[in-house]
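Peer 1: Take a look at the letters that make up each chain.
Protein chains: 2
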Amino acid sequence: MSIKIGIYGYGNLGRGVESAIKQNPDMELVAVFTRRNPADVKINTATALVCHTDDAKYMTDKIDVMILCGGSATDLPTQTPEIASMFNCIDSFDTHAKIPEHFANVDKTAKESGKVAIISCGWDPGMFSLNRLYASAILPDGEDYTFWGKGVSQGHSDAIRRIDGVVDARQYTIPVPEALDAVRSGSAPALTTRQKHTRECFVVVEDGADKSKIVNEIVTMPNYFADYDTTVHFISKEELDRDHKNLPHGGFVIRSGRTGENGQNNHIIEYSLKLDSNPEFTSSVLVCYARAAYRMNNEGMSGCKTVFDVAPSYLSSKSAEEIRKTML
Amino acid sequence: MSIKIGIYGYGNLGRGVESAIKQNPDMELVAVFTRRNPADVKINTATALVCHTDDAKYMTDKIDVMILCGGSATDLPTQTPEIASMFNCIDSFDTHAKIPEHFANVDKTAKESGKVAIISCGWDPGMFSLNRLYASAILPDGEDYTFWGKGVSQGHSDAIRRIDGVVDARQYTIPVPEALDAVRSGSAPALTTRQKHTRECFVVVEDGADKSKIVNEIVTMPNYFADYDTTVHFISKEELDRDHKNLPHGGFVIRSGRTGENGQNNHIIEYSLKLDSNPEFTSSVLVCYARAAYRMNNEGMSGCKTVFDVAPSYLSSKSAEEIRKTML
Numbered sequence: 000m001s002i003k004i005g006i007y008g009y010g011n012l013g014r015g016v017e018s019a020i021k022q023n024p025d026m027e028l029v030a031v032f033t034r035r036n037p038a039d040v041k042i043n044t045a046t047a048l049v050c051h052t053d054d055a056k057y058m059t060d061k062i063d064v065m066i067l068c069g070g071s072a073t074d075l076p077t078q079t080p081e082i083a084s085m086f087n088c089i090d091s092f093d094t095h096a097k098i099p100e101h102f103a104n105v106d107k108t109a110k111e112s113g114k115v116a117i118i119s120c121g122w123d124p125g126m127f128s129l130n131r132l133y134a135s136a137i138l139p140d141g142e143d144y145t146f147w148g149k150g151v152s153q154g155h156s157d158a159i160r161r162i163d164g165v166v167d168a169r170q171y172t173i174p175v176p177e178a179l180d181a182v183r184s185g186s187a188p189a190l191t192t193r194q195k196h197t198r199e200c201f202v203v204v205e206d207g208a209d210k211s212k213i214v215n216e217i218v219t220m221p222n223y224f225a226d227y228d229t230t231v232h233f234i235s236k237e238e239l240d241r242d243h244k245n246l247p248h249g250g251f252v253i254r255s256g257r258t259g260e261n262g263q264n265n266h267i268i269e270y271s272l273k274l275d276s277n278p279e280f281t282s283s284v285l286v287c288y289a290r291a292a293y294r295m296n297n298e299g300m301s302g303c304k305t306v307f308d309v310a311p312s313y314l315s316s317k318s319a320e321e322i323r324k325t326m327l
Numbered sequence: 000m001s002i003k004i005g006i007y008g009y010g011n012l013g014r015g016v017e018s019a020i021k022q023n024p025d026m027e028l029v030a031v032f033t034r035r036n037p038a039d040v041k042i043n044t045a046t047a048l049v050c051h052t053d054d055a056k057y058m059t060d061k062i063d064v065m066i067l068c069g070g071s072a073t074d075l076p077t078q079t080p081e082i083a084s085m086f087n088c089i090d091s092f093d094t095h096a097k098i099p100e101h102f103a104n105v106d107k108t109a110k111e112s113g114k115v116a117i118i119s120c121g122w123d124p125g126m127f128s129l130n131r132l133y134a135s136a137i138l139p140d141g142e143d144y145t146f147w148g149k150g151v152s153q154g155h156s157d158a159i160r161r162i163d164g165v166v167d168a169r170q171y172t173i174p175v176p177e178a179l180d181a182v183r184s185g186s187a188p189a190l191t192t193r194q195k196h197t198r199e200c201f202v203v204v205e206d207g208a209d210k211s212k213i214v215n216e217i218v219t220m221p222n223y224f225a226d227y228d229t230t231v232h233f234i235s236k237e238e239l240d241r242d243h244k245n246l247p248h249g250g251f252v253i254r255s256g257r258t259g260e261n262g263q264n265n266h267i268i269e270y271s272l273k274l275d276s277n278p279e280f281t282s283s284v285l286v287c288y289a290r291a292a293y294r295m296n297n298e299g300m301s302g303c304k305t306v307f308d309v310a311p312s313y314l315s316s317k318s319a320e321e322i323r324k325t326m327l
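For the protein sequence lines, the chains are L and V, in the order given. To convert, note that position 71 of the first sequence is 70 in numbering that gives the first Met the number 0; the numbers rise steadily by one, no gaps. To convert, note that position 229 of the second sequence is 228 in numbering that gives the first Met the number 0; the numbers rise steadily by one, no gaps.
Looking at chain L on its own, in the form it has when it is part of the complex (with noise of 0.2 angstroms):
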């Protein structure tokens, strides 16, 4: 019997959802969720349904779980704790500094209800999160490092999009090579914000713009830009729309540790992405938690959940003496 998931929220991360199950047998998409009119919403899965969200409620003994694919600053918030008060879901909320706030929150909702929720799913905060978790446990005596890309940043996009006389705008964020050489020398070398990533910003204006006074804007925007060396290039935007279509990204959590009596033997984990579709990735991150949350409540677990709380086995569909024998 396969687990029937429900998607809640259709833009990018929802359509990524959809293909995602498509590639695990064991699950099947029951229905999408909109804000929009349901009628206007069209779909890659015959077999499904789109319902509106306020329909959510009457579906509860038709989905196993839900998975949430709205936006951190706005919809995540209310929209997780509401859905853990009737069923399992996975949300892939995003600002870390929130993380203790939401998580309470949910948790308070899932217990209630008896329900699994797990939070905070995707690649950062999720399977970076993991990686430093691992490597820390590992190897108290060392340092982190997170670098992120190359790859796209959204928000820095937008932030350059909202400057006067912008028409499009795409960031990316680059780690610079000879920090990352750094880190993994294992010289554990402090690092500023400027010595870890670069800026690239590609930038549609319209006619007749004030290109330096746009150029300026950019990159002394406080928290966005001004602790970065960045670089601005003004492109068409057919340019843009032929060359910085995808949303790449990606990164790498480098632990650098000792161990000995003296600390002498040097040790460096690394975990690293390379992602065509940021997206499209951090969707099949959010299905395989599904599965979990799923087996996770069926064992009588409950409460609001993150990915430190997910032992792996439940990742996978196949057996514990399956993976025992082919993956350790």
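Any given hint could be a false lead.
Just so you know, same-sequence chains aren't split out, so a pair can sit in one copy or run between any two.
When the alpha-carbon atoms are kept at most 27 angstroms apart in a straight line, the in silico DSS-like pairs for lysine-lysine are as follows [stated by the list, open to error]:
#1 Lys61 <-> Lys97
#2 Lys97 <-> Lys317
#3 Lys107 <-> Lys317
#4 Lys110 <-> Lys324
#5 Lys244 <-> Lys56
#6 Lys61 <-> Lys244
#7 Lys97 <-> Lys324
#8 Lys236 <-> Lys210
#9 Lys107 <-> Lys195
Please keep in mind that the hints were generated in silico from the structure rather than gathered at the bench.
Knowing the structure of chain L, use the given hints to seat chain V on it.
Peer 2: What follows is chain V alone, placed relative to chain L:
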């Protein structure tokens, strides 16, 4: 109150565990157990006892977790089931083909005693296994690659030492850079044994030994060398002791997979280790899984477990709140 640890077997691995415990303030080494005369064994922890292995059974109330540091060939198959009948315990059993049998034997005694025994904790099996599992659960449509090295293979070094006329030897396993690059490109190549790794041997021979005969015996040795491109260097005993006394190792676990409605987007997940000391890194993994065994048993769990069954949060000395706040 600290977690009280016993070390069962005091070779390279046991000494590594001893120094790793000193990096974990929530742990305390209580005793080292040896098959030798305890009076002849000198350890590096003033506050710990040295006891004979026969006396472990009298110390069940003094030790929370026993870390088994024997070998997989002859020690662990009998030791782990026996120790699991009295103690929570951890081993690094690494004979991949015999894991199901070892698991069954340990599970039986650990269930009877109500203790937790975590087997095959190290880096392969261990961290590499975990990364194979996570990556294949996230990207079900993909291929796995494991590369080992550059590092010393002790089994291969031993095989060379058994050749007539050989005094000592050290064998390095080296991943082929072009194979790594091909995998990272996302082209999902099919690779033969010969295409993935080369083997480099440093050999000390007796005066007057027939070097060409020894080279031929090495490079044609079935299972160990015949399927690889192997290089043999003859060096002096002094050179071997000076340049090859350490036990570095490492490797790469890479998954290349596709997502999207038509599999149009490619993703590379890569985990790698670069270790100055293979036994000390394995020891560090054993120690953090000892913490997990202690906690899991305190929560009422029992039986044989592997890294697949251990939720990551059990490994960290920090609280669940703290890891959510600082690492997620």
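Peer 1: Now, for every hint given, state plainly whether the structure supports it.
Peer 2: Verification of the hints:
no.: 1; hint: Lys61 <-> Lys97; result: neither (32 angstroms within a copy, 43 angstroms between copies)
no.: 2; hint: Lys97 <-> Lys317; result: between (34 angstroms within a copy, 19 angstroms between copies)
no.: 3; hint: Lys107 <-> Lys317; result: between (32 angstroms within a copy, 23 angstroms between copies)
no.: 4; hint: Lys110 <-> Lys324; result: between (35 angstroms within a copy, 21 angstroms between copies)
no.: 5; hint: Lys244 <-> Lys56; result: neither (37 angstroms within a copy, 66 angstroms between copies)
no.: 6; hint: Lys61 <-> Lys244; result: neither (37 angstroms within a copy, 63 angstroms between copies)
no.: 7; hint: Lys97 <-> Lys324; result: between (40 angstroms within a copy, 9 angstroms between copies)
no.: 8; hint: Lys236 <-> Lys210; result: within (15 angstroms within a copy, 69 angstroms between copies)
no.: 9; hint: Lys107 <-> Lys195; result: neither (39 angstroms within a copy, 51 angstroms between copies)
Of the numbered hints stated above, those contradicted by the structure are hints 1, 5, 6, 9, listed in ascending order.
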